[in-house]
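As given, the protein sequences belong to chains A and B, one line each in that order.
According to my numbering, the stretch in the first sequence is residues 1 to 72, in order.
According to my numbering, the stretch in the second sequence is residues 1 to 398, in order.
Simulated from the structure, these hints should not be mistaken for laboratory data.
Since we're looking at a predicted model, the values are computed, not measured.
If you only want the chain A side, here are some residues facing chain B, beta carbon under 7 Å, derived:
{"#": "1", "residue": "K7"}
{"#": "2", "residue": "F36"}
{"#": "3", "residue": "I39"}
{"#": "4", "residue": "V41"}
{"#": "5", "residue": "F43"}
{"#": "6", "residue": "E66"}
{"#": "7", "residue": "G67"}
{"#": "8", "residue": "L69"}
{"#": "9", "residue": "H70"}
{"#": "10", "residue": "L72"}
The calculated label-pair distances, taken between Cβ atoms and stated as ranges, are:
{"#": "11", "chain 1": "A", "residue 1": "V52", "chain 2": "B", "residue 2": "E241", "range": "20 to 30 Å"}
{"#": "12", "chain 1": "A", "residue 1": "E62", "chain 2": "B", "residue 2": "T371", "range": "25 to 35 Å"}
{"#": "13", "chain 1": "A", "residue 1": "G29", "chain 2": "B", "residue 2": "N223", "range": "24 to 34 Å"}
{"#": "14", "chain 1": "B", "residue 1": "Q256", "chain 2": "A", "residue 2": "D11", "range": "18 to 28 Å"}
{"#": "15", "chain 1": "A", "residue 1": "A49", "chain 2": "B", "residue 2": "A365", "range": "41 to 51 Å"}
{"#": "16", "chain 1": "A", "residue 1": "Q20", "chain 2": "B", "residue 2": "Y273", "range": "43 to 53 Å"}
{"#": "17", "chain 1": "A", "residue 1": "A13", "chain 2": "B", "residue 2": "A111", "range": "54 to 64 Å"}
Backbone N, C-alpha and C fix where the C-beta goes; we use that ideal spot for every residue, glycine too.
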Amino acid sequence: MSEVQIKIILDAAHIAETAQYCQSFAAMGLSIDSSFPEIGVIFGAGDPALLVQMNAMDGVAEAVVEGQLHGL
Amino acid sequence: MQPPIPERLTPQPTGGLIVTFKPGVDHAAQAQCLHDCIGPQARSFSTTSDDLADIDAATTAVLLDDSGVAIILDRDESPEIQARLLAADQIAEVRPEFWMFALDQFQDTGAATWGLQATGALTSPFTGQGIDLCVLDTGIDLQHPDFLTRAITQRSFVAAEDVMDGNGHGTHCAGTAAGPRPKGDTPRYGAAPNANLHVGKVLSNAGSGRERDIIAGMLWAINAGCEVISMSLGRAVAAGEGPSPDYARIGALALQRGSLIIAAAGNDSARRYGHIAPVGAPANSPAIMAVAAVDQALDVAEFSCGGVNPQGGEVDIAAPGVGIYSASPRPEMYRILRGTSMACPHVAGLAALLAESDPGLRGQALWDGLTRTVRKLPLPARDVGAGLALAPGGGAIA
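Chain A with its partners taken away, still in its complex shape:
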């Protein structure tokens, strides 16, 4: 299965632990692209199966395929 671009949003109680979550996700096979510790958001690329695993993790509000926004 080809990789997908993933956005992970930590829940509000775990925003301060963004760096630790980055390490955990990297250990799971996510190639970290960028993280935003101010808001607890991490972007990376990985196997789509990671989405299920991440969404089941404590401290993860949601893990979704990264979207695109468009000029309106």
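Given chain A, put chain B in place with the hints provided.
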């Protein structure tokens, strides 16, 4: 290069002619004169009756009884007819007939766009001086003559693309928010011409962008201390879909740091068919101001999304978003666009004016000030929020 004044700003002839007879020429002489100049199909109508509706396709001219005025209807041979009329002794003046428009609609003029007139930006004593205003979009044409001498803080977040706008959307939005004072014959189109302009390229030249780049741009603008951040971008959301927590957090962080993020509500409605699409993301975040679009009659635009979703999915304010004239990358120079994308930078520019007017108005206070000083519109809050955004001290009818 286009001429500085677009053709649409000049009077538009219908192809017909307006004839004014000299004083003392009686009705019979007027009718005979018309017959001699244009043939037998001229008809007379009383200015006090309602039979003007009876004008048919065979009619070539209309003589208005008792007024001394005739209207020569549009014909292929109008120049020849005009020459014959000008030679007639009974006639004082022959001039082209022009299209006219209802005065309850705003129009662009040679001085300024209709949006700056309607919002009072044109007459406001404030210009955005000292206010940092960021436009996150497809970049800007830094070599555009209207921005060439402007000090612009810029950065591209799009891989392998510099800030040069290869799309046009970003230059147009930046122009509406902070285009310059009028130069030469170019009408003013920027709401806050003296704002310190920051441009973050977060959408590619194809007009779309990855969320990571957009979030990076938003945080860049907040960390740069921009009081106002304009985002004419987004995505559609489903009915009942709530805001994404990441954009909600950024909006809250911005307000906490004294920044106000303003976003386009979206263009997915088809109101003529009764379909009102929900405000898109990220404008549906509670701490991001959602902007709807209105037209020249201050009616909600056909495409403008509405507040039909809960939890922040409401429209907060409205601004001009139809027939918006602004800058475009060279060689086009200027163009007219429509969309909530065009309404959003109007509000951003007006926010900069309001922020300049009172240093205490930052973040949530700036939000409150904008929504408190609107022109109320006779439309549902679902469609226009608090109402039409206005400039401080602009003299627009509130």
